[in-house]
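Heads up: the protein sequence lines correspond to chains A and B, in order.
1 is the number of the first residue of the first sequence in the working numbering; add one for each residue after it.
1 is the number of the first residue of the second sequence in the working numbering; add one for each residue after it.
Note that these hints are calculated values from the structure, not bench results.
Treat the hints with care, as some may be off.
Copies of the same chain are indistinguishable here, so a pair counts whether it falls within one copy or spans any two.
Once the Cα atoms are required to be at most 35 Å apart in a straight line, the calculated DSBU-like pairs of lysine-lysine come out as [said to hold, decoys possible]: (1) K50 <-> K338; (2) K80 <-> K338; (3) K331 <-> K234; (4) K331 <-> K50; (5) K338 <-> K234; (6) K80 <-> K331; (7) K234 <-> K80; (8) K50 <-> K80.
Predicted model only: the values in this text are computed from it and were never measured.
Number of protein chains: 2
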Amino acid sequence: MRIGVLGAGQLGQMLALSGYPLGNRFAFFDTTGSPSADIGTTLSDTSGVKLDEFLAQVDLVTYEFEHLPLALVQQVAQEKALYPGVEALRVCQNREAEKTLFDQLSIPVADYRLVSSADELAQACTELMRAGAPAVVAKSITEGYDGKGQAVLRDPEQAEEAWAQIGHARLIVEAFVSFVREVSIIAVRDQQGEVVFYPLAENNHVDGILRYSLAPLPDLSDAVQQQAESYIHKLLDALEYVGVLTLELFQQADGTLLANEMAPRVHNSGHWTQDGAISSQFENHLRAIQGLPLGSTQAIAPTCMINIIGCMGDVAAILAVEGSHLHLYGKSERAGRKLGHINLVAADIDTLLQRVNQVAALLPDAPPPAFSFVAD
Amino acid sequence: MRIGVLGAGQLGQMLALSGYPLGNRFAFFDTTGSPSADIGTTLSDTSGVKLDEFLAQVDLVTYEFEHLPLALVQQVAQEKALYPGVEALRVCQNREAEKTLFDQLSIPVADYRLVSSADELAQACTELMRAGAPAVVAKSITEGYDGKGQAVLRDPEQAEEAWAQIGHARLIVEAFVSFVREVSIIAVRDQQGEVVFYPLAENNHVDGILRYSLAPLPDLSDAVQQQAESYIHKLLDALEYVGVLTLELFQQADGTLLANEMAPRVHNSGHWTQDGAISSQFENHLRAIQGLPLGSTQAIAPTCMINIIGCMGDVAAILAVEGSHLHLYGKSERAGRKLGHINLVAADIDTLLQRVNQVAALLPDAPPPAFSFVAD
């Protein structure tokens, strides 16, 4: 089966590497002007005029990137089977639609307000802080990822400046919540509605960019795993979703979870599954969208994913660390750019954390990991 | 690093799929006129005129196929680093040179004779049968694999017919040995001479073609593993080998091993390492040839590789079997053709063997596996 991918970055390339063994071949459609996928065919076209050429090459279409023009995706869906569907993309592109869906499905989130002016932003900030929030974060309801298009406010007086800096007509303002750790759950829904779940991962972000993901968590109770599964299951069913969906959550001191945001695709916090689970998120996404049975999401061993950001580090020394797996994206060094990742596996969590520290020391500018094991 | 591969079949494609995450890109040089690798660049050229074009695209060269014109390989080695080297290829192309090396290194083999006529073949057959062999197998000293270019003789009177059928000027005649099972060991030697070994696999052949490989073996003593390691270690050092080498052996009723033949490349009996070992044979071959540290050869779980031969079977049903991993080669169905393989992993050997039988039943014309667990 020939699979078309909207987006042509490292996620697309890793999908393709997983799809070759399933007999798939790939074409990528890039709308950013800077494709990096270097396998199969890539059509780079910021205006959409090559869309027919792309569609003629493929049997079905998926996406690896959610910041796509919605009109383009709707056009694709009229011509070819598209998984996940247009509605999933629409909701995930818009924080207002996303939060509305969370509310409809009774998935708990941090307290929030929607605002359309600097005055409303100041008012929202005042209300949320009066209710106990130590600060708020304002985000444009569209676009923005990896911490872009956002501002933190610790005082309503910062509203004018934050409004100007973000520069969007509508913002969501969320109360800062006190959390012990950031976690994510990745789930896969097939064409018959069957759903499988990976174990939760703990995610360490630095400057808004993911640095480390650890899974499975040695101290996570079944109840918390099941809570996360129930939330993402409701989202998958509501969106009649097919493929991999990621839900990022905050775990609070009492063990409970608050939903943060979701991504309608394979996700950086699921890269550990390439070497740490029986079937990876990439393979399971491909199995789902082409109507094949889903593979096992069971973890093989404690695993930690470490992003390589900005510069490559000492690749040979990293490969010399027992149980290390390198995944490079074929990109050149640039500050803040994701160049690849390392998956470390070990027989037990203590050995794993030792190896993580070993590898972190080989990556320039990588802060050591700060995992927060909590008793649920 | 840009890697050139002589040969463009499934082994080359699987090397490339393992090499992308290491940052490698690939060009293939095909001398057979029927390349199947469908990743990177392929130059198909049975006369060798495109060799310069191929060499200009790559930093170093390896091979995935040993039946290459030796002159071509020598020419490559003059232009680029070639791993494994020309000498390894020369020895592995010629059964007389291979057996001579085994003898020099005191690696035990079945009794054999070299013959250059039908009369000599009859004489060799008489001698070997008088010494106790129930039958002999005659093989051309060059070419021939998967049971091609061979004949079994149970009587010296069959010599004329066998000689004519094989049609080569020089043959090796080997005594049939009584063995309990066929096994293989795969080892990797790096540029500094460090060597790592995978656990032995048991191989089931049907009509001369590999059907099943099982590893690690639940009943194999450390002593036998070490015996196999010592044999292949001597071969690797003697050939100043860099990369993956495979040695096929017979295990006799008393547990001891006799060498059968070797292959200077990644090998079908090592495909289980893709899903059953920490680092696969493909990744370790690439690490070795580009001077990177070798990855762990440790098995993750009991694993069985099942070849898909001739027809595809029910792919969806195969993927529904817990712990199954599909690896297709992008080839169309044809009798006797290797179309792909399935790696099955399980937490224990009994569960694994149940799943193997489940999958075997889904492959048309696949005989059930016949593994022979022996007490060493």
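Against the structure, the hints:
1. Proximity of K50 to K338 under the C-alpha cut-off of 35 Å is restricted to the intra-copy arrangement: shortest distance 28 Å within a copy versus 37 Å between copies.
2. Taking the shortest alpha-carbon separations for K80 and K338, both the intra-copy value of 31 Å and the inter-copy value of 32 Å come in at or below 35 Å.
3. Neither within a single protomer nor between protomers do K331 and K234 lie at most 35 Å apart by alpha-carbon distance, with minima of 37 Å and 41 Å respectively.
4. Proximity of K331 to K50 under the C-alpha cut-off of 35 Å is found in both arrangements, the shortest distances being 25 Å within a copy and 30 Å between copies.
5. Within a single copy, K338 and K234 get their C-alpha atoms as close as 32 Å, which meets the 35 Å cut-off; across copies the closest is 43 Å, which misses it.
6. With identical chains, the CA atoms of K80 and K331 are at most 35 Å apart both within one copy (31 Å) and between copies (25 Å).
7. Proximity of K234 to K80 under the C-alpha cut-off of 35 Å is restricted to the intra-copy arrangement: shortest distance 26 Å within a copy versus 57 Å between copies.
8. Proximity of K50 to K80 under the C-alpha cut-off of 35 Å is restricted to the intra-copy arrangement: shortest distance 15 Å within a copy versus 40 Å between copies.
Comparing the model with each numbered hint stated earlier shows that hint 3 is the single one that does not hold.
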